[in-house]
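Listed below, chain by chain, are the residues.
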Amino acid sequence: MIITQHVTKYFGGFPAVQDVSFEIHQGEIVGFLGQNGAGKTTLMRILTSYLPASSGVVLIDGEDMAGNSLSIRKKIGYLPETPPLYTNMTVKDYLKFAAEIKDVPVKQQRHRLDKVLEECQLVNVQGKAIGTLSKGYKQRVGIAQAIIHEPKILILDEPTSGLDPIQILQVRDLIKNLRNERTVLLSTHILSEIEQIAQRVLIIRAGQIIVDDTLDALLSVPGAAPDGRSTLEDVFVRCHQKSHEVSGE
Amino acid sequence: MNKILAIASKELSVYFKSPIAYIILILTIAIFNVFFFTIIDQEREASLKSVFQVMEFMFIFLVPILTMRIFSEERSTGTIELLMTAPLSNTAIVLGKYIGVLFFFSIIIGMTFVYYGIVEYFGQPDRMTIFIGYVGIWLEGAFFLAVGMMTSSWSCNQIVSAITSYAILFLIYFSISFIKYFSGPAEAVIRQMSTWTHLENFSSGLITVGDVVYYLSGILVCLALTRFSIENRLWR
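These protein sequence lines map, in sequence, to chains A and B.
Position one of the first sequence corresponds to residue 8 (our numbering), numbered consecutively onward.
Position one of the second sequence corresponds to residue 2 (our numbering), numbered consecutively onward.
The hints are simulated quantities; they were obtained by calculation from the structure and are not laboratory data.
For each residue, glycine too, the CB sits at the ideal point set by N, CA and C.
Possibly wrong hints are sitting among the right ones.
Heads up, incomplete: computed chain A residues facing chain B, CB under 7 Å, no partners named [unchecked claim]: (1) THR55; (2) LYS81; (3) LYS82; (4) TYR85; (5) PRO87; (6) PRO91; (7) ASN95; (8) GLU107; (9) ASP110; (10) VAL228; (11) CYS246.
Partial list, derived from the structure: chain A residues whose beta carbon lies under 8 Å from chain B [stated by the list, open to error]: (12) ILE108; (13) LYS109; (14) VAL111; (15) LYS114; (16) GLN152.
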């Protein structure tokens, strides 16, 4: 579904993403981990065609990003790190606008709007200006705009950051419910979250993918968890330490 | 096309959902009214020629306030990511935003139609001259808006955008003031570059191909440069 081959992105002389290759299959939920500044957001921006890669190939659903970015964008729902919200629009107007620019057929707009309002539990705030909503609601409006055109692929950049525990549960359930229909790539700093919803994990460090494995395989290594297996935290810390040693830092 | 209109109506609603739109409309029309009264009172002529020239001068100050947010705000709040990852061509984004702000500007022009009503009621103005004057002032505003939108695409800071467009608008408007220091081809270039020269013809009731081409090509160049700027993310 998502294939990247030797993708590299330079900002000036600084390599933010270096020679990244991986493949994500249809229906997978992939957790994307890395320290701050490791290149997660940059890579997600490349996958959503917001930024062009300096070199390398990105294939989405069989189409090359280089020549088909408009048709690829219809297949992707994207929640950036900061939800892209117009604060003085109402939730309903905003989502209607999102549906319009994302090529939702006019006849279906009404239906899709009702559906996402329901799914993201926004029905009771639909008439309120987005600027007056709490952070959790804003985040859910952000998710609603990402799924309103029923994309095949969802790319979520820290969807649960800043939410309270109940809201985190709700967002997590929402993502789980999407599992059957969509391919999901999500980044987060909350490792337990990945353990609960992802099937596969990518870890990026200094612009390079250092781990690409299924969650089960990663956790089956003996470690500190009560059942004798590793926790994702162990894995995360271990592979960062390992690469420190390798690079002699 | 539907998507262009969706963006245009979103732009308009952004203006009207904040107090900015109402403040700008009321303030502009209040200032215009004062000038209209002063001019008519002094000249005692059933003509809007001087009124158009004052409006042109006022638009230099007004337009950057209208346009500074167009791209700068989207960039600083991150909403540009929504537009640039939606299946929208860059041309559609630029045109949608331009049509939106142009419509808002047209409301301001529309409100001044009452001046025509007043001179028509109290005198016998030349209707054609006034109509052509309105076409001229509208084209001039449309050109200023395109300049403002272009500078807005250069920076994520609204103040920087506004000041840059003030600089460009001042340059093209006031360049005529320095014409006495030049001669030969330089003089001709400066005369043709200044908006003042071109609006002069319109406000006297004269439509020439050269003036229309000046405004339309100015608008097209600015829109093309705006598209180029967002396509290449020059604000980074």
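Taking the hints in turn, this is what the structure says about them:
no.: 1; hint: THR55; in the structure: holds (5 Å)
no.: 2; hint: LYS81; in the structure: holds (5 Å)
no.: 3; hint: LYS82; in the structure: violated (9 Å)
no.: 4; hint: TYR85; in the structure: holds (5 Å)
no.: 5; hint: PRO87; in the structure: holds (5 Å)
no.: 6; hint: PRO91; in the structure: holds (4 Å)
no.: 7; hint: ASN95; in the structure: holds (4 Å)
no.: 8; hint: GLU107; in the structure: holds (4 Å)
no.: 9; hint: ASP110; in the structure: holds (5 Å)
no.: 10; hint: VAL228; in the structure: violated (37 Å)
no.: 11; hint: CYS246; in the structure: violated (30 Å)
no.: 12; hint: ILE108; in the structure: holds (5 Å)
no.: 13; hint: LYS109; in the structure: holds (5 Å)
no.: 14; hint: VAL111; in the structure: violated (10 Å)
no.: 15; hint: LYS114; in the structure: violated (13 Å)
no.: 16; hint: GLN152; in the structure: holds (7 Å)
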